[in-house]
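So you can see what is in the structure, the chains are spelled out below.
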Amino acid sequence: MRDFVAAQARKIPPSGIRKFFDMVQDMEDVISLGVGEPDFATPWNICEAAIYSIEQGSTSYTSNRGMPVLCQEITRYLDDRFSIRYSPETEIVVTSGVSEAFDVAIRTVVDPGDEVIVAEPSFVAYSPCVMLAGGTPVPVQCREEDGFALNADALVDAVTPKTKAVVINFPNNPTGGVMRTADYRAIADVIVDHDLLLISDEIYAELTYEGSHTSAVTVDALRERTITLNGFSKAYAMTGWRIGFLCAPKEICDAALKIHQYVMMCAPVMAQVAAIEALRRGSRERDAMVREYCIRRNMFVRGLNRIGLSCHMPNGAFYAFPSVAETGLSDLAFAERLLSEQGVAVVPGRVFGESAEGHLRCAYAVSRDNLRIALDRMEAFMAGL
Amino acid sequence: MTMDDKDRLLLTILEDDSRTPIADLADMADLSEEEAAARIGILEEQGVIRKYRAVVDWEKAGEPEVAAIIDLKVNPERDFGYDKIAERIGRFSQVRSLRLISGVYDLQLLLVGRNIHEITSFVAEQIAPMDHIRETATILIMKTYKENGHTFFEREGGERLPISL
Numbered sequence: 001m002r003d004f005v006a007a008q009a010r011k012i013p014p015s016g017i018r019k020f021f022d023m024v025q026d027m028e029d030v031i032s033l034g035v036g037e038p039d040f041a042t043p044w045n046i047c048e049a050a051i052y053s054i055e056q057g058s059t060s061y062t063s064n065r066g067m068p069v070l071c072q073e074i075t076r077y078l079d080d081r082f083s084i085r086y087s088p089e090t091e092i093v094v095t096s097g098v099s100e101a102f103d104v105a106i107r108t109v110v111d112p113g114d115e116v117i118v119a120e121p122s123f124v125a126y127s128p129c130v131m132l133a134g135g136t137p138v139p140v141q142c143r144e145e146d147g148f149a150l151n152a153d154a155l156v157d158a159v160t161p162k163t164k165a166v167v168i169n170f171p172n173n174p175t176g177g178v179m180r181t182a183d184y185r186a187i188a189d190v191i192v193d194h195d196l197l198l199i200s201d202e203i204y205a206e207l208t209y210e211g212s213h214t215s216a217v218t219v220d221a222l223r224e225r226t227i228t229l230n231g232f233s234k235a236y237a238m239t240g241w242r243i244g245f246l247c248a249p250k251e252i253c254d255a256a257l258k259i260h261q262y263v264m265m266c267a268p269v270m271a272q273v274a275a276i277e278a279l280r281r282g283s284r285e286r287d288a289m290v291r292e293y294c295i296r297r298n299m300f301v302r303g304l305n306r307i308g309l310s311c312h313m314p315n316g317a318f319y320a321f322p323s324v325a326e327t328g329l330s331d332l333a334f335a336e337r338l339l340s341e342q343g344v345a346v347v348p349g350r351v352f353g354e355s356a357e358g359h360l361r362c363a364y365a366v367s368r369d370n371l372r373i374a375l376d377r378m379e380a381f382m383a384g385l
Numbered sequence: 001m002t003m004d005d006k007d008r009l010l011l012t013i014l015e016d017d018s019r020t021p022i023a024d025l026a027d028m029a030d031l032s033e034e035e036a037a038a039r040i041g042i043l044e045e046q047g048v049i050r051k052y053r054a055v056v057d058w059e060k061a062g063e064p065e066v067a068a069i070i071d072l073k074v075n076p077e078r079d080f081g082y083d084k085i086a087e088r089i090g091r092f093s094q095v096r097s098l099r100l101i102s103g104v105y106d107l108q109l110l111l112v113g114r115n116i117h118e119i120t121s122f123v124a125e126q127i128a129p130m131d132h133i134r135e136t137a138t139i140l141i142m143k144t145y146k147e148n149g150h151t152f153f154e155r156e157g158g159e160r161l162p163i164s165l
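Protein chains in written order, with the numbering used here: chain A, 1 to 385; chain B, 1 to 165.
There may be inaccurate statements among the hints.
To be verified - Partial chain A-side listing against chain B, Cβ under 7 Å, derived: (1) V156; (2) R286; (3) V290; (4) R291; (5) N305; (6) I307.
Claimed, not checked - Far from chain A, by Cβ distances over 10 Å, these chain B residues were calculated: (7) T12; (8) I22; (9) M28.
No lab work stands behind these hints, which were simulated from the structure alone. No residue lacks a Cβ here, since even glycine has one placed at the ideal position from N, Cα and C.
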């Protein structure tokens, strides 16, 4: 029999996080700081709205773009929270999470042979999606000395005549780094000069702790050449609902909508109903969750520094990103030994890119009690080195 | 009075556990211990923090409580409205909470006692005969499902996978 798996599917690597953590499944008494999702259940009013809509028989397809009222609520929300304006009729597509939104965005703009610059450290799905579209991912490293923001000089060095787009994700998974207006202005010059498109995954926007989130398209020059991705998973603890959205200028959005309608038809209707409720009456619980993440961040990062793992105070997302350089261990060895000796699961930085080597990604979206236990165990581990 | 995010973090932490040690408070608000203590002192002085108290399960302590909601129709007083009668009722230690409400009734109070007799006799002998009270309605509480934001029917949440993509 022939090998039916396509060359491209064979070529993309399995998720480094998954690979590392297959062993966690069978261990007992593990505290996992490996999970990139909120530990809160979705606020009840959001669940209840979806349950009620199912009871009312609302179970069919919606318009491909998404329910018009949801598109309106999302664009209003983006204006209120981040001062960015998109047309609910022509510049948005509601997707099955940002994962689909990202895939659609890439397939909308990438031709075979195009290079796509991916700002690393980054979420593990970006480069494989680029490869599946026939593009070539080109990593650019964000450095700790820049607060893990994307440096314009590093960006310009990576640009070639084949470069089509730049992928960024701020607040960042895994570093917790953010970009401010000045950072965006600097990269905007490069992007405009080389006639590139920006794909900005802002799924962690609400999880910004000091000051408020800066959206890439608040820089005017980027408005006409950016695809903004966002969703409900992190801010409203709705990971399992699979609901997100893509915003872009009309011409790009029209093309994205075509792809979305062929591969997904529409986002699940119950998740869309839930998202409407989240936007209309979810801000109180959202803000309470963000405050709790902030408390956990503070106690966990200070705890890490106290036990000798140097860690900058991340400004966004829910990841601490300590360095293990002082220990003499590699991030991989540290993570493996910490798991087997103390039962604490963290993700070795290298799976997120070259500049993340020597770091650990620790998700603090776990209870304060578990964070304390994790810190105690990490301290014991450090003492035994 | 100027409140900032750090103050609000401290309040959020203390509201959940008012006995949180100062070292933990400092960590959680990313402050020095001295500054955390100073800020809490100011919040206490300003009356933002009004009291530290324990949540007691009196049933476990061998002194079960009975609680009832009492709705009152009240004739408001000239110049004072409902305030004077409310103050008068609020002085009783048995009255756990007291509110002015809209609708058919005017005041609503939450009453606790050791048994039903204590509740009914308190209403009949202390509240109903008061001047300005026109009508009372006593609603016994039979079971509490949620109290002060805490539900008493928690089920196991769906288990998160130990790892995600």
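Hints versus structure:
no. : hint : in the structure
1   : V156 : violated, 31 Å
2   : R286 : violated, 14 Å
3   : V290 : violated, 11 Å
4   : R291 : holds, 6 Å
5   : N305 : violated, 10 Å
6   : I307 : violated, 12 Å
7   : T12  : violated, 6 Å
8   : I22  : holds, 13 Å
9   : M28  : violated, 5 Å
In summary, the numbered hints that this structure violates are 1, 2, 3, 5, 6, 7, 9.
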